[in-house]
Amino acid sequence: MRIVAIDTATAASSVCLGEDRGIKAMASRVDRRGHVPFLVPALEFCFAQAGWKRSDIDAVVVDVGPGLFTGIRAGLATAQGIAAAAGVPIVPVNALDVLALRASTGRREIWPIVDARRGQIATAPYRPLPGGVVREGPVQLMKPDEFQAHLAARQSDALVVGDYQALGEHVLHDTRHVKFGRPRYPTADLGMELAVSTLESGEVPLADDVRPLYLREADVAINWTDFRSEGLA
Amino acid sequence: MAEPVILGIETSCDETGLAVVVGGQIRSNVVGSQVEIHARFGGVVPEVAARAHVESIKSLAHRALAEAEVHPDDVTAVAATQGPGLAGSLVVGYSFGKAMAWTLGADFVGVDHMEGHLLAPMFQHEGYEPPAVVLLASGGHSQIVHMPAWGTYNLMGGTIDDAAGEAFDKLGRYLGLGFPGGPAIDQLSSEGDRAAVQFPRALPDSPFDFSFSGLKTSVVNWVRKSRDSGEDVPVADVAASVQEAIVDVLVAKTFNAVDETGSRTVAGGGGVLANRRLRDRMAEEAAKRNVQLALPSPDLCTDNGAMIALAGQLALQWGRPSVWTGDIDAGKRLGHDH
Ligand SMILES: [Zn+2]
Chain U
363 MRIVAIDTAT AASSVCLGED RGIKAMASRV DRRGHVPFLV PALEFCFAQA
413 GWKRSDIDAV VVDVGPGLFT GIRAGLATAQ GIAAAAGVPI VPVNALDVLA
463 LRASTGRREI WPIVDARRGQ IATAPYRPLP GGVVREGPVQ LMKPDEFQAH
513 LAARQSDALV VGDYQALGEH VLHDTRHVKF GRPRYPTADL GMELAVSTLE
563 SGEVPLADDV RPLYLREADV AINWTDFRSE GLA
Chain G
435 MAEPVILGIE TSCDETGLAV VVGGQIRSNV VGSQVEIHAR FGGVVPEVAA
485 RAHVESIKSL AHRALAEAEV HPDDVTAVAA TQGPGLAGSL VVGYSFGKAM
535 AWTLGADFVG VDHMEGHLLA PMFQHEGYEP PAVVLLASGG HSQIVHMPAW
585 GTYNLMGGTI DDAAGEAFDK LGRYLGLGFP GGPAIDQLSS EGDRAAVQFP
635 RALPDSPFDF SFSGLKTSVV NWVRKSRDSG EDVPVADVAA SVQEAIVDVL
685 VAKTFNAVDE TGSRTVAGGG GVLANRRLRD RMAEEAAKRN VQLALPSPDL
735 CTDNGAMIAL AGQLALQWGR PSVWTGDIDA GKRLGHDH
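Order-wise, the sequence lines are chains U and G. When we follow the working numbering, the leftmost residue of the first sequence carries the number 363, and every step to the right adds one. When we follow the working numbering, the leftmost residue of the second sequence carries the number 435, and every step to the right adds one.
Chain G with its partners taken away, still in its complex shape (with noise of 0.2 Å):
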C-alpha cells in the first residue's frame, strides 16, 4: 500500500496552519501567524482571527503542497481541527478541508487539537509512546494529560481558573511587555533574577490541578508596594520571579502526575511549551527520574498544521471512519467523538 498523504489543516485559533504528513514525515508545515494582528489589540479577537483564517488558507494550503512537493490529486486524507477553539475560526479551515478532501476524492477525518498536541512527539522523539504523562499548556488550555495507550487519554487535572499562557499573557501585558507576553516574559528572564520575589506557589488541594488567579493578584500588589515607595519596579527580576512561579507550579503537577502513574515517559504540547526554562525544569525532573523526555521542538508546541495530520493519519489506521456530515465542536472534550 502507498504511503498515506496527509493534509493538515489547523485553525482553532489565531495560526492559520496548514502542512503535508507523509508517511508519518513533515515534508511541509507553513503556518500564517496573526501574531502582528493581534497584538494591536492585546489579545486574540476571536472575529478578527476568523476573518484572517478566510483571507489566507487558500493560498497557505497551495504553499503547503508546493512545498512538499506533492499535487492536490495525490493527497489520500485531508485532516483539520473539529475542536476545541473558537467557532468562527475552526468553522473556516474545517469547511475547507471537507470540501477540499470531497473534491479530491480524498479521506477527511476531523481531529481533537488536543490529541493533536499529544500525538506531536512522535515526530521527532521515536520511543515516544505510552504509557506518558503529557503536559497541555497554551493560551487556551492547561492539562495533565495520562495516556496510558495509544488513543487512550484521562485528563488527570488541570487549570481551575486561567490557562498557563493566558497568565503569562496577561501577566506581560500588565509588565509593559505587550502581547503575546509568554515569548516577551522568556526573553526577559533572561536578564532577570528568578529568586528576585517569591510570588506564591498556588497548589490546591488536588495534586494535578493548578491555578494562577492569586499569582496574578499577588504580582500587582507587589508591583504596587514597589511602585508606592517610590522605586524602579525592576521589571526583569519580576519577569524572571513570574516566569518561576508559574514554571514550578507547573513541573510539580506534571511530576507528581508522572510519579502517581508510574509513567516512564514526559512530555508536552502547545505554546507555553516553548517556554525555555520550562523546557529545562522538565528536562532536569526528568533525569532525576530516568524517565524519557519527548518535548517537541518549539514550532511543533505552538499550532501547527502537522500535528493535525498526523493526529488525522492515526484516526484513519485506528479505524475512525471518513465522514462528510461532521460539524466543528468549539467545546470539544479529548476522548468524546461524534
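Chain U extracted, bound-state conformation (with noise of 0.2 Å):
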C-alpha cells in the first residue's frame, strides 16, 4: 500500500511517502504562512525521490489539527485535491496524537501541546505503553497558566513536548516534575505510521466526514461600527 502523508497543523510543513511501513521519501519545512506553496512542489519531490507515478496512491494520511487553522485547511484541502482525483480514502489524525507518538519515555505521563493562538495551547494528556501511547484524557484548550497550576496539581512526572515555546518563560522555568522534549512539531512520517493501522484494519471514515479540529467556535464579530444605529432591524 502506497500512502501519501501530509502535515500542516502547525507553523511546520511536511510530506512524506511511505510503503510497507517504511519511508520512501520526506521533505519538511518549517514556515507557518508557507503552507501553501510548499505542499505541492514537495510532493512533487517527494514523488521523484520515490520514483511513484502519480497514480500509484492509494490512500491519504492528513493531520486535522488542533493547530493552526489556515494551515489545517491548506493540508486537507490538499489531500481532499489528491483524494478526488484518484479516488482514494483520506485516514484524519490528530495532531496531539501524532506528537505523543514519539515522546519516547518510560514512565512520565506525555503532554504534547501545539500553540492554538490567542493566548492559548491545546494539550491532552498520555500514557506511554509498549510500542505506543494511549491517550488518557480530552483535548482542551488552556491558558499557559492554567497548563501549569494543572501539572502542579497532579503531582506526577510529566513530560511536555511539541510547540512549548508557547508556554512563555516563566512556566518553562518554574514548573516542577516536569521535563521539556522533542518533538517539537507534528510530522507526516509520525502521522503515517499512526494511520498505518487504521488503514490495514479497512475502517477508513468517509471523506465527507473527515474535517478540520478546530476545539473553538468561529469568531463571529462582525464590523458594524462604521454604521451603528438602531435601524428599523
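Keep in mind the hints are simulated off the structure, nothing from the lab. Be aware that a few hints might be false.
Computed, partial: chain U to chain G, Cβ under 7 Å [what the hints assert, rightly or not]: (1) Gly-443; (2) Ile-444; (3) Ala-447; (4) Pro-567; (5) Asp-570; (6) Asp-581.
Each computed DMTMM-like pair below joins lysine to aspartate or glutamate, with the alpha-carbon atoms no more than 25 Å apart [to be verified]: (7) Lys-415/U x Asp-507/G; (8) Lys-505/U x Glu-531/U; (9) Lys-541/U x Glu-471/U; (10) Lys-541/U x Glu-579/U; (11) Lys-415/U x Glu-694/G; (12) Lys-505/U x Glu-489/G; (13) Lys-541/U x Asp-507/U; (14) Lys-722/G x Asp-763/G.
Ideal Cβ positions, reconstructed from N, Cα and C, are used throughout, including at glycine.
Dock the two chains into a complex; use the hints.
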C-alpha cells in the first residue's frame, strides 16, 4: 500500500511517502505562512525521489489539528484534492496523537502541546505503553498559567513535548516534576505511522466526515461600527 | 487538438463554486451557497466561510464532474481563484485545485477573481469583445474597468469607501430586511416609489469614482426624522429610493467611462449586476448610445466556478504557464501577477 501523508497543522509543513511501513521520501519546512506554496512542490520532489507515479497512490493521511486553522485547511484541502483525483480514502490524524507517539519515555505522563493562538495551547494527557501511547483525557484548550497549575496539581512526573515555547518563559522555568522534550512539531512520517493500522483494518472514514479539529467556535464578530444605529431591524 | 476540459473553482468569499467548462461552453456550474449560514450573523464571517468551504468542496467537485459527465482523468486543466478575497477561503479552493490538478497530471492556473467577472460575458454574448467598459460591483468590490484588448485591464475608477453591494447590504440591514440586503431591496423596491425620496447622488470630482457613505448617513437621518414626526416609515419607498440612488451613480459613472473611451461595448459582473433596476437602466443607456450591452445572466453575475474556468482556459491559451509553486494573493490587484 502506497501512502501519501501531509502535515501542515502547525508552523511546520511536511510531506511523506510510505510503503510497507517504510518511508520512501520526505520533505519538510518550518514557515507558519508557507503551507500552500510548500505542499505540491514537496509532493513533486518526493514522488521523484521515490520513483512513484501519481496513479500509484492508495491513501492520503492528513493531520486535521488541533493547530493553525489555515494550515489545517491547506493540508486537508490538498488531501481532498488528491483523494478526489485518485479516488482514494483520506485518513485523519490528531496533531497531539502524532506528537505523543514519538515522545519516548518510560513512565512519565506525556503532555503534547500545540500553539492554538490567542494565548492558548491545545493539549491532552497520554500514558506511555510498550510500542505506543494511549490518550487518557480530553483534548482541551488552556492558558499557559492554567496548564502550569494543572500539572502542579497532578503531582506526577510529566514530559511536555511539542511547541512548548508557546507556554512562555515563566512556565518553562517554574514548573516542577516536568521535563521538556521533542518532537517540537507533528510531522507527516509520524502521522503515517499512526494511520497505518487504521488503513490496514480497512475502517477508514467517509471523506465527507473528515473535518478539521478546531476546538473553538468561529469568531463571529462583525464590524458594523461604521454604521451603528438603531435602524428598523 | 482535443477541446480543453477545465474544472473551475471559486472560493474567494461565501460561495463554493465548482464548474466544468469544455471548449468554452458551460457543462456544469454548481454553487454551494452559504447565504443561510451567514444570514444568522448579518454578514459574511470569514472564519465561518472558510469552514464551510472545506466541508463542501470535495463533494461539490464530484457533483460538478458528474453533472458535466466528465471523468476526472479527462480534465485537462484546473483553474482556481487566487485572489482577491478572504485568505482563509481562498486557501481552500486554491489548495484543493492545485492538488487535484497535480494528481491528475493536468495543468493548474491561479485566476484573478475580477478577471473571471470580466470574461464571464463571453459565455452568453458572442459579440463581447474589446474595447469594452465593464462595471464590476458586488459586496466586496466596485470598479469600472476599461478593457482595450483581451487580457489588458485599465482600472478607471471605483468606490472610495463602501462597495456598492456593501451599501445595499448595510442599508438593507438598517431597513430591517436581513442579509443579504441587495436582493431584498431589489424585491421590495418593486412595490415602492423610487422617486419618493431624493437621496443624494454622491459624485466626487473624479468622473469615474463613487462613494456611498453620504447616502448611508442621509438615509439614517431621513428615517430618524420621519420616525420622530410620528409617521410610519414607508420602507418600500425608502428601499426603492435607495436603490435608485445607488443605481444612478453606478450607471452615470459607467457611461462616463464608455463615452470617455469611445467603447462600443459595455458589460458588467458581480452580484450587484443581478439587480433588475440596474440591468434595466444599463440597457436604456446602452440603447441611447447604440453600444452593445453584454450582461451575464444573474447566476453568472454572482460568484461562480464557470467564470474561473473560462478565465483559466484563456490564461493558458494566452501563454500563462502552469506552475506548482504559487500561493494565494488575498490583496491581488487586477493585472498584477506573480
Ligand atoms: Zn465577485
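To see whether the hints hold, each was checked on the structure:
1. Residue-level restraint check for Gly-443/U holds (minimum Cβ-Cβ distance to chain G is 3 Å; threshold 7 Å).
2. Contact between Ile-444/U and chain G, as hinted, is supported at the beta carbon level, the nearest pair being about 5 Å apart and thus within 7 Å.
3. The criterion of a C-beta within 7 Å of any C-beta in chain G is met by Ala-447/U, whose closest approach is roughly 4 Å, and the hint holds.
4. Evaluation of the Pro-567/U hint against chain G yields a violated restraint, the C-beta minimum of about 13 Å exceeding 7 Å.
5. Evaluation of the Asp-570/U hint against chain G yields a held restraint, the C-beta minimum of about 6 Å falling below 7 Å.
6. Proximity of Asp-581/U to chain G holds as hinted, the smallest CB-CB distance being about 6 Å (cut-off 7 Å).
7. With a C-alpha separation of about 14 Å, the suggested pair Lys-415/U and Asp-507/G falls inside the 25 Å cut-off, and the hint holds.
8. For the hint pairing Lys-505/U with Glu-531/U, the CA-to-CA distance comes to about 14 Å; that is within 25 Å, so the pair holds.
9. A hinted pair counts as satisfied when its Cα atoms are at most 25 Å apart, and Lys-541/U with Glu-471/U qualifies at roughly 10 Å.
10. Taken as a hint, the Lys-541/U and Glu-579/U pair is broken in the structure, with Cα atoms around 32 Å apart against an allowance of 25 Å.
11. With a C-alpha separation of about 56 Å, the suggested pair Lys-415/U and Glu-694/G falls outside the 25 Å cut-off, and the hint is violated.
12. At most 25 Å may separate the alpha-carbon atoms for a hinted pair to count; Lys-505/U and Glu-489/G exceed this at roughly 29 Å.
13. Between Lys-541/U and Asp-507/U, the direct Cα distance comes to roughly 17 Å. Compliance with the 25 Å bound is thereby established for this hinted pair.
14. Between Lys-722/G and Asp-763/G, the direct Cα distance comes to roughly 40 Å. Violation of the 25 Å bound is thereby established for this hinted pair.
The structure is inconsistent with the numbered hints 4, 10, 11, 12, 14, although it conforms to all the rest.
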